[in-house]
Each structure stands twice: as structure tokens, then as C-alpha cells.
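Kindly generate the complete structure, drawing on both the sequences and the hints.
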Amino acid sequence: MDLSRRSFLKLAGATAAAATLTGVGLRKASASPSEPLRIKYTKELHTVCTFCGVGCGVICNVRDGVIVNADGDPDHPVNEGTLCSKGSAHYNISYVYDEKGNPKPNPKRLTHVLYRAPGASSYETKDWDWALEEIAKRIKDTRDRTLVETETVNGQQVTVNRTNSICWLGSAFCTDEENYLFHKMARSMGVINVDHCARL
Amino acid sequence: MTNHWNDYQHSDVFMNIGGNTAENHPISMKWIEKARENKNAKLIVVDPRVSRTAAVADLYVPIRPGTNSAYLGGLINYILENELYHKEYVEAYTNATYLIDEGFEFDEQTGLFSGAFDDPVRNATSYDQETWAYQKDEDGNILQDETMEDPNCVMQIMKRYYSKYNLDNVSNVTGAEPEALEESYELFSTTGEPGKAGNILYAMGITQFTHGAQNVRGIAVVQLLLGNMGIAGGGVNAQRGQSNVQGATDMAMLYHIIPGYHPTPQQTQATFQDYRETTTPEDNWWSNRPKYVVSLLKAFYGDNATPANEFGYQWLPKLDGLDHSHIAMYKYMGEGEVEGMICWADNPGVSGPSAGDKRSYQKNLKWFVSVDLFENESASFWQAPGMNPAEIDTEIFILPAAAGYERDGSKANSGRWIQWTWQCQEPPGDAKSDLWIVNELFKKLKGLYEAEGGTVPEPITQMKWDYDNENGEIDIVKVCRDVNGYDTRTGELVTNFVGLQDDGSTACGNWLYSGYYNNYDNPATKNRVREKEGIGSHLGWSFAWPLNRRIVYNRASADLQGNPWNPDVPVVWWDETQERWVGNDVPDIPGTWDLEQSTENPFIMIPEGKGRLFANGFDKVGGLRDCPFPVHYEPADSLFNNLLYPNAVYNPASQRFYEDHTVETDEERERYPYIITTYRIVEHYQSGIVTRNLPWLNEAMPELFIEISEELAEEKGISNGDTVLIESKRLSNNGEQGHIEAKACVTKRFKPMMINGEKTHVVGMPWHWGFKGMSTGSVANDLTPSVGDPNTTIPEYKAFLCDIRRAE
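From first to last, the protein sequence lines stand for chains X and G. Take 1 as the starting number for the first sequence in the working numbering and just add one per residue. Take 201 as the starting number for the second sequence in the working numbering and just add one per residue.
Be careful, since some hints might not be right.
Said to hold, decoys possible - Computed footprint of chain G on chain X, listed as stretches where at least three residues anywhere in the stretch have a Cβ under 8 angstroms from a Cβ of chain G:
#: 1; segment: 44–56
#: 2; segment: 75–82
#: 3; segment: 88–99
#: 4; segment: 141–154
#: 5; segment: 157–166
#: 6; segment: 179–193
Claimed, not checked - Over 10 angstroms on every C-beta distance to chain X, these chain G residues come out as not near it, computed from the model:
#: 7; residue: Ser-705
#: 8; residue: Asn-763
#: 9; residue: Asp-794
#: 10; residue: Met-805
#: 11; residue: Thr-865
#: 12; residue: Ser-932
#: 13; residue: Pro-952
Just so you know, the hints here were simulated from the structure itself, not pulled from any lab data. These numbers were taken from a predicted model, which means no experiment stands behind them. No residue lacks a Cβ here, since even glycine has one placed at the ideal position from N, Cα and C.
And the structure:
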């Protein structure tokens, strides 16, 4: 019998349920009732692993809009349900366990805009509108003062519209669409110092 | 990758060189193991360390870090001397028969090719590449000798050039035993037999050298000689370390290109006409370049791009002929020229070379923006050991980002599969996707320029940026539409890049992605149909660029008559009755071509249509700055003189940025007597800022370590678990020597090597640690040199020198 991992799990679940009903459950001797499967009554959503370039399929089990588990996607042709140590740790990006084993938000995740003033020795919390406005002002100030409009090349005036005073690093952690907009925005600013972690 | 992960099941012999696939791309092993189980495939691992991949290999060949090109040169020589190459393939599909300019030569004393000169602009050797060229008749046809006996034909030049890479010489350079070399060469060369497939898979252990591009070229030459390009189970397979390195590169998050691998305009290309003329060959695939670039400009500037204003060409910044990659931009920062920096999910304070210097240069910034999931070392450089916050005036903005599964969008894996990733939950607190952030930031900036004016506002105000939904927030479908391309008259999505035009009637943000979002209801990138029968191409799963093709150059998988070399795994073939190419993959052949035309041009992206054993000089499509054939050069930091070319040392064309930065003298060689390499481990990821904040992974791999052989540990009085101090020239400042520290892992995985009769020690350490996060440790990249490959300026991370001692 050719069992996929998924049908095996389903079958195993059904067998366990049937066994419990007939009173010969394998867990009969355990002192406390077994907990329901963490992924019970969850919605399955597909995504792709955030780590290396293999591009394994990941299923997130979501209940009430919250991920309760992340595991390999058995239907995905590359990984066929398996994941490595990093892929298996996706859940930790959002949630960690407290001392009692209950999930709580990962305390290190950034949840607010932070700002450090010149010379300060700590960050302060800010809102988006303030931060976006202030960053845009910094970009404009630097760009307006440093943009090179033309350059003489072989005796000819050439429009160059560039600044060497801003650096822009995109990311292999971001999506194609994000990197596309990064490129558009960086070039609109005249940025020529453009790179990302492909070299590193 | 020219091929893809599932295709590994068809390989007969794997060579994992400069990579550790079991650890860094673990699921690749599923397909390697499948080939080993089903067809008795063999796995060769070439690596300085008994890596986790080496531990399960059929054959392991240890080589000294930085000697891949010598190892590969030895393989090429072995193939040529023993005539193990795939003759029909080499004759018909490569430039082996082409005659090279009579003035072309290589000097075995200096390690230089003809045309070398000291380039004051680059402060390195550059080449006048006039002689790196084919001989041509009056009509411009390339001269050939189909017998491959003419002394000026590529095959004969190669035979002479590579004779230096005999087993003894290569053994002397690499430290591998001649028997081990020969055994591995013999095994891999068996794939030169028609119908057999050899797969070379690699990662940064090939590329991160001052001669990294030449290492890759060495792999390409091997694969062309053995007829392994274009076939199932073959290929040059660069395994990508991050989930979207491929996509971020396609989208040109690099200074020298714009999306779709077109060169960034240079100031020498004053007009769009100049740009077209200097980058567009006449009769090759790239003759379509103007269609792709005009469509790109239309996607950028919309109705504001017209024939009258060169489609907005002048609004793009033009380069000044200098390097603007990672190392270069930090140099400009150190010199005080840079005021601001924006890092999207990037942590150069840990991942950059000589990272300690780089963090210190950031003090010169007025402002710094970091977008990330966790507080990283780059944003918080002012908290690094030795920094005094009161003296640092940089304003820092940290913007909280969404995790991979908290945002929609596509990512391209190593096999160029552009897969959709669905959002599964909302990001926590105020965190937002990078897509949302860049959209809002651009709107703010545009608003400021519209309200206040400023210096040349047009590149910003004329940019077409209309991605909002009815609630005024980013609608990703509108971005996908831009990238895929559409007809500017009807607004309809284009089917693929074949329909793109150079008259402004089409817009397309990236021609290679054209077709990935070909309709709104079920775009190709979201396809999830597994193949039931076939060779594992899975054409119904996501969308691969270009045109959903899974194996590039697949014309070469069939013989001259169009029949597959390996009928058991047919990729594409010429169908006599239909008079066209058909197959298990999308043929890499224009649909209008007949059999003869496709046989003459199996490598359609190369102007002359043939795989290049000899890489000739720059043409309108591109070229290499350093070598037509890969040369063995030492790393910049090296204990040894060049054992093959006595007056050469490291790559003379490489990118150098700082004086007195690498080991140059015998005195310094004694001061830093050990070779060190860096690598990744399966429990952590890149700069570690994500994984060092995941408790499960910290539990599995809690702290930074340095791997030291038992022999060296004994010499140095170091025991397992001791704290070890590690020093390199980069941490030496005005006579004061700095260090980083790590726990000693005394191991059999490294062994002393005999190099040219000298006992040589190699150590290694992962580079995932820094001073932020739940698990902290020294930054390994504080040790690494800021020197780069001449073509890519990738830093030399994989071979440099250090000293180690036990902490008192």
C-alpha cells in the first residue's frame, strides 16, 4: 500500500480515535488525557520556507488568524513534506514557549518603530507616520545637496542624476515584488550604491 | 542553477565542491540520495574539511582553501589528456574548433595573458582584450578548424595551457594526494560518455575568492567538455544560500544592472541611442534588448516615458565607471562621502568583510534606516564593544518588518522557480511588510518633492507609482502586473516577453518574469500542479524563468539530429512529423528555428551560439575582466608563492581597496601562520540575526566555535572547550593587535596538509554570530579582508590567514 505522509497521518489519527472509542487506546495507562492535536480545526495555508534557496513548501496551520504550527508541505515536489532544522523552526519566529510550555510571542521580535537620536544611549518608540516623514526628509535633504546633475565626459555635458552619498541594501530575504520596488525607488533617488546579500 | 532540485535524481556523478549541501541545502540530499539509490550514482566531495556532506560521500578529496581553480584545472587537463571529453558535443556545441587571434598568449612566469597593463583607475591589472578574439574572414565569419588540430584553435591552446595542471603540480598546490585527485578525476570524467550525466553543485566556497569568477568558469569548462550542459542531471548548479537570492538578483539589487540583467547606464552612454548601440548585438537573442529596456522604462515612468524624452532614460542615474558594490560603498562611507544608508533585511555589520571597520565607518553617517524582524548589529553598531554612544551622532531608524509567512509575494528558488508565498497571519504589533514600507516611504518622498520642489525632482515625481488599493494601501497585484508586463494601450497583461515592443506599446518591469503573472485568477506563479508522468520538470508547479523553462540550454541535451543523448531521460527532441522541437521541458530554442539553425546555436544567449571553453573579450553582451581560461592564483592572504607561475601571486586584476590590508611579507606570514576559512551550519542562517533569536535553534547550536585539528590543538596547548583568541591582519592597528574569541572544537574534521612539502594547518569557523540577539558571540567577519573578485567584487571570505592561541 502506497501511503503518502499526509494520508498516513490521517489514517493514524483515525486509528487512534477508533482505538479510544473501543476502550483499548494505547494511552490508556497515561495519567492525564492526551491533548488534542495542535493542528486540529486549523486552516492550512501554503507558503515557502524563508531560509535557504531550495524553496521548500511549508504549511502553516492557522487558527483564528494565528499560526499554531508550521511544517513541511507533503504536496510540494521539492521537499515532499520534509524540512531541515531551520525550516522546522519557523514557528519560533513568532512564538516561543514559556516555562509552563504555553506559547507566547517571541519577545525579541520588533513590534514598534524605534528611533535613536544623535548621541543618545537608547532607542525610543515612535509611530509610523512620524518615522516615514522624518526618513523622507533625511533622504530629500541629502539628495538635494549631493545630487550630481551633469558630468563632463569627453568634452560633452552628460546628464547623470546620481548621488554617491546614499547607500541602499536590498535583500534576498525579501520577495521579488519588494526588490522590484526597492530598485525603482533607489534609482528614482539617484542612488548608485546598490547591493544586497548575494555577495555576502 | 542551470538545472533544478528535482533534476538531481538524474545525475550519475555529483561533485560538491566549494559547498556543503547536506548542511546548507539539506533537502537537496533527498534528490542526491534518490539518484544513489535508484541508479547507483556517486557523490564526490571536494572540501578542506570533512563536512557533513563529505561524511556521506563516496569519495572525499581534501584541498587547501583557495585552490579550487588548480583542482578544476587538473580535472580539465585529465579530461583532455585522456580524451575523455564528449567529442561530438565539444565539436558541434562549443567553441573548441574556433581559431583564436595569433597574438593571444599566456606568460607562465607572470601568470598574465596578452594585453595586461597597470590600470590607474582600478589600481590593478586590466587587459586590453584585442587578442582575446576569434580569427575572422573578410565577411566577418569566424574561422574554424573542424579537425581541431590547428595550433591556434581553442582545443589546442587549451591542451598546451592546461598541461601545467598535471597531477603532481595540482597535488603540490592543493595538498591532495595524487591518487585521490586521479580517482576523483577518473570518476567524474565517466560522465563524458554520451548519455551519462555529471552534476557540479557549489556555493560560496567557489565564488568568494579574488578569483571566484574563474572558479565558476572552471566548472563551466568541465561541464562543456563532458557534454553536461543542457542535459537532465547535469549543469552548473550554484546553490543559493537564501530564499530569494535568485529573485533579488533578477530584480537587480546590484549596482551594475537594472532588472532583467541589463547594464546600468554609464556616463559614457549619454543618450538612449548610445545605450542601445553599445549594448545590443545584431543577430543574437540580446538583439531584443531594446524591447526589454523600453518596456522597463515604461513600467518605471508610465505615460511620462515617450519617444521624445528617450522613454525617461535621462531620469535613471548613470554610473561613473567606478565600483559601487558592498566593499566600495563602505569605502566611500569611511572617507566621509556617504551620509545615509537604508538596509532592508540586511545586516552588513556582521556579514560584511572586515566588519569591525565597517561598523566604525557607520559613525560617519548622518542617518541609518534598518528594516528587520529583530534588532540587528548594523542598526545598533553604536552599542558594539568599544563604541562610545555619546560621540556617535548618527540618527537610527529601526522599522519593524513582517516575517516571510506574514506577507504575500513571490520568491525565486535556486532552480529559478518563482513560487508564490502566501501570507498566513498578520505581523505582530506595528510590524509591516517591506512592500508596505517601501510604498509608504516613496509616497512620502514624492509628496515632499511635489510640495517643496528640490534638486531635479523629475526622477521622483515622474516615476509611475500607483500601487494603492481603494484604502490607500499597497495592492501587490498591481506590482505583479508591472513586473509581468502589460499592453499600455489596452491595459491587458502580456502573455510573455515574446510580445514586448520597443515603441512604448508595452510595459514590463522584468522581461524574465514576464508570464509569471499572466492572468489575475490563477497566475502561473501560484500554480500547484505536480507532474504525474515525466522527468520531474513539474511544469505545472509555479513558473520558472525564462518562459517556464526548467533546464536552460536544453537544446544541447539532444544530438545534432535532435535525438536525446540519453533516451531514458529525454528533455527535448526534434519531432520530424511536426517539424518542431517538443519535449518534457520548454525547448530553449526560438519557435521559428529549424533543426539546422538550432544545431548551429545551441547556446542562444551567446552571440556566436556556442558554449565558450575560451572566454573571449568583452562584447556587447558582456565579458570577463581577468582570464579567458581559469588561472590558479593564490588568495590575497596566502602562505605560499604561486607554485605554478613563479612571478604571480594572487589575481593581479582583483579589486583592492586598502593599502597594507592583506598579508604581504614573510614576516607577516610567520605572524599569521594558519589558513582559516568560514562557513555556515545547518542550525543557523547568514548573519544569524533571525536564527539567534529562535530558542529551538540556539538550543541545538548555542555558541560560536572554531574547529581546530587535533594536531594543531596539541601544538598550541588547546583543549576542547577552551576559549581561543583569533587574530588576523585586519585587527592589527598601528602595532596593536586585536582579536575575536570562540570556543575550541578540537576535531578530526581538519587534518594538517602537506603543501609543497610544508606542513600546513587549516582552521575554520562559522560566521553566524554577533553581539545582539538571544545568543551572542564574536563577529567572525571582523577577521576577513576587504578584497574582491575583479568581475563581481565578491569578498574573499573562504581563505585567509590568522593566528590562534588559548585565552589565558
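Consistency of the hints with the structure:
| no. | hint | result |
| --- | --- | --- |
| 1 | 44–56 | holds (count 12) |
| 2 | 75–82 | holds (count 6) |
| 3 | 88–99 | holds (count 8) |
| 4 | 141–154 | holds (count 10) |
| 5 | 157–166 | holds (count 9) |
| 6 | 179–193 | holds (count 14) |
| 7 | Ser-705 | 21 angstroms, holds |
| 8 | Asn-763 | 28 angstroms, holds |
| 9 | Asp-794 | 34 angstroms, holds |
| 10 | Met-805 | 20 angstroms, holds |
| 11 | Thr-865 | 29 angstroms, holds |
| 12 | Ser-932 | 23 angstroms, holds |
| 13 | Pro-952 | 30 angstroms, holds |
The structure shown violates none of the earlier numbered hints.
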